Amino acid sequence: MQNRSPAFWLFLTPVILALGIVVVIPFLYGLVYSFTDWNGLAATEFIGFEHYINLFQEKEFMNSIWFTLKFAVASVLLLNFFGLALALIVTRNIKTNNLLRTVFFMPNLIGGLILGFIWQFIFVSVFGDIGELLGVESMQGWLSTTETGFWGLVILTSWQMAGYIMIIYIAYLENIPKELIEAAKIDGASSFQRFKNITFPLVAPAFTISMFLTLSTSFKIYDQNLSLTNGGPYNSTQMVAMEIVRTAFSDNQMSYAQAKAVIFFLIVAVVALTQVYYNKKREVEM
Amino acid sequence: MKNQEKKSLFSIEILGIILGFLWIAPFYLMIVNAFKTKRDIFSGVLGFPAEWEFDNFVQAFIDLAFLKSLFNSVLITGLSVGIIVIFSSMAGYALARNKSKLSGVMFFVFVAAMLIPFQSVMIPLISIFGQADMLNAAGLIFMYLGFGCSLSIFLYHGAMTGVSKSLDEAAIIDGASRFQLFWKIIFPLLKPISVTVAILNVIWIWNDYLLPSLVLSEANATIPLKMFYFFGQYTKQWHLALAGLTIAIIPVIIGYFFAQKQIINGVSEGAVK
Chain A
1 MQNRSPAFWL FLTPVILALG IVVVIPFLYG LVYSFTDWNG LAATEFIGFE HYINLFQEKE
61 FMNSIWFTLK FAVASVLLLN FFGLALALIV TRNIKTNNLL RTVFFMPNLI GGLILGFIWQ
121 FIFVSVFGDI GELLGVESMQ GWLSTTETGF WGLVILTSWQ MAGYIMIIYI AYLENIPKEL
181 IEAAKIDGAS SFQRFKNITF PLVAPAFTIS MFLTLSTSFK IYDQNLSLTN GGPYNSTQMV
241 AMEIVRTAFS DNQMSYAQAK AVIFFLIVAV VALTQVYYNK KREVEM
Chain B
1 MKNQEKKSLF SIEILGIILG FLWIAPFYLM IVNAFKTKRD IFSGVLGFPA EWEFDNFVQA
61 FIDLAFLKSL FNSVLITGLS VGIIVIFSSM AGYALARNKS KLSGVMFFVF VAAMLIPFQS
121 VMIPLISIFG QADMLNAAGL IFMYLGFGCS LSIFLYHGAM TGVSKSLDEA AIIDGASRFQ
181 LFWKIIFPLL KPISVTVAIL NVIWIWNDYL LPSLVLSEAN ATIPLKMFYF FGQYTKQWHL
241 ALAGLTIAII PVIIGYFFAQ KQIINGVSEG AVK
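From first to last, the protein sequence lines stand for chains A and B. Residue 233 in the UniProt record's numbering sits at position 233 of the first sequence; the count goes up by one each step and never skips. Residue 31 in the UniProt record's numbering sits at position 31 of the second sequence; the count goes up by one each step and never skips.
These aren't lab readings, by the way, just hints derived from the structure by calculation. Just so we're clear, the structure is a prediction, and the values are computed from it rather than from any experiment. Every residue gets a Cβ at the ideal spot worked out from N, C-alpha and C, and that includes glycine. Any given hint could be a false lead.
As the list claims (entries may be wrong) - Taking CB as the label site, the calculated pair distances span:
| # | chain 1 | residue 1 | chain 2 | residue 2 | range |
| --- | --- | --- | --- | --- | --- |
| 1 | B | 78 | A | 69 | 32 to 40 Å |
| 2 | B | 78 | A | 189 | 49 to 57 Å |
| 3 | A | 85 | B | 237 | 32 to 40 Å |
| 4 | A | 52 | B | 25 | 42 to 50 Å |
To be verified - For lysine-lysine, the following BS3-like pairs were computed, each having C-alpha atoms within a straight-line distance of at most 30 Å:
| # | chain 1 | residue 1 | chain 2 | residue 2 |
| --- | --- | --- | --- | --- |
| 5 | B | 191 | A | 196 |
| 6 | B | 7 | A | 95 |
| 7 | B | 101 | A | 196 |
| 8 | A | 196 | A | 185 |
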């Protein structure tokens, strides 16, 4: 198919239109709007970097960035720990491995909104009851403080996504040649040595993939945030995505919210480009 | 030696089973409490209900307008995924078969668009579609094509490397048009990747909340959207809320039961690439 062939363009027209109208044009408009005082309707005036200067001084927005960063770091660590642990369990020759895979993966298929509501019940009612039963004070009043809201979100996300990360690790673990492990066994390597010297290096690429995947997903979380804590108490567990939605649609500050959205894009893009850079570097080394 | 290995395998299995129970515990707690009365939940959430209360489900089913929300979800997800598969496979094919610089640049733009988070285009998008009077189901489906095509084209483009060019040439010599060639010969060969593309898109579109909440009116609400309204209505009435959540999850569990293998393979393929 050549550039001039009508078939080439016919095949591409629907997606060019869709991507153009839905993503590219709004994105470019968004960049322009972020430098104006546009409020969704009225004529606009160019105001330069005013929004950008303001947003870095806004406590609520900066809080949401810090909260999101802390959340992302904690979830990335826990997710990869559980993802790898689950993968190591279900790739062993045990009877229940298929059933367990099914169970661990299941939460991924259900929307974050619904899971957040379920966990709201767990944290508030079930934790309360268990705490009472065991006499543990710290299990009472979950989600009513910033700290418990934070860990609530981390636990929910780890539980939901660990099965997904497990699938990625499984793909790599199952590619390790069995002979390699057998040979090491015959040579008398302990199971820890086998893990450290064979399994771990061969699974390292999965670690890079999972780390960036979890990092960018944790950054973009909205549904779970909405249904589990709704940003409370006092907006202290509000993440960036939710902060932007609220600035736009609750406070009706469209262009100001758009400036925040541009900063959000820059953060997410830097994370993703770092990943691309590392993947390229690794491929060269291999 | 052999014995010791069996022992360690056994302890791994036990650990796996304990974790498995931990993983389904939230679902267990949701279901048993959905069968309780309000007072029953108040007196304890861990055990079975004193009396199995089915009325919760009846009321939740009615208040969720469940059949209607289910229909809306099926319609929007089905049509969106259908057009994503059709148009992305065509585009992936065209881009893979054209080695020009322009084609390379277009492919790059499609892939690079994946970097843009939803919130960064959301505000102008809603404003543009609002002005065009397109904040409705049709507009939403078109938006899903825009958001879903990038990854889908990327996957189809990759799969095309396994489809020999001599097939194209032979068909063209036989007098087939590009459309016939694509739909009769190429598309059937792309079936495995089509399954992957369909599964990945079904999972996110079915569960998507934010975009439909900005686009659809309450009358056309999908399941997640309706769930949100429903939950707001029943705060502090966990017996009804949990029954509603249970109902909302059932279609997903049924789908998972029938297509478990394809789902896990599809997700694995989509993630590793």
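Cross-check of the supplied hints:
no., hint, verdict
1, 78(B) - 69(A): 32 to 40 Å, "holds, 38 Å"
2, 78(B) - 189(A): 49 to 57 Å, "holds, 52 Å"
3, 85(A) - 237(B): 32 to 40 Å, "holds, 38 Å"
4, 52(A) - 25(B): 42 to 50 Å, "holds, 46 Å"
5, 191(B) - 196(A), "violated, 39 Å"
6, 7(B) - 95(A), "holds, 14 Å"
7, 101(B) - 196(A), "violated, 45 Å"
8, 196(A) - 185(A), "holds, 13 Å"
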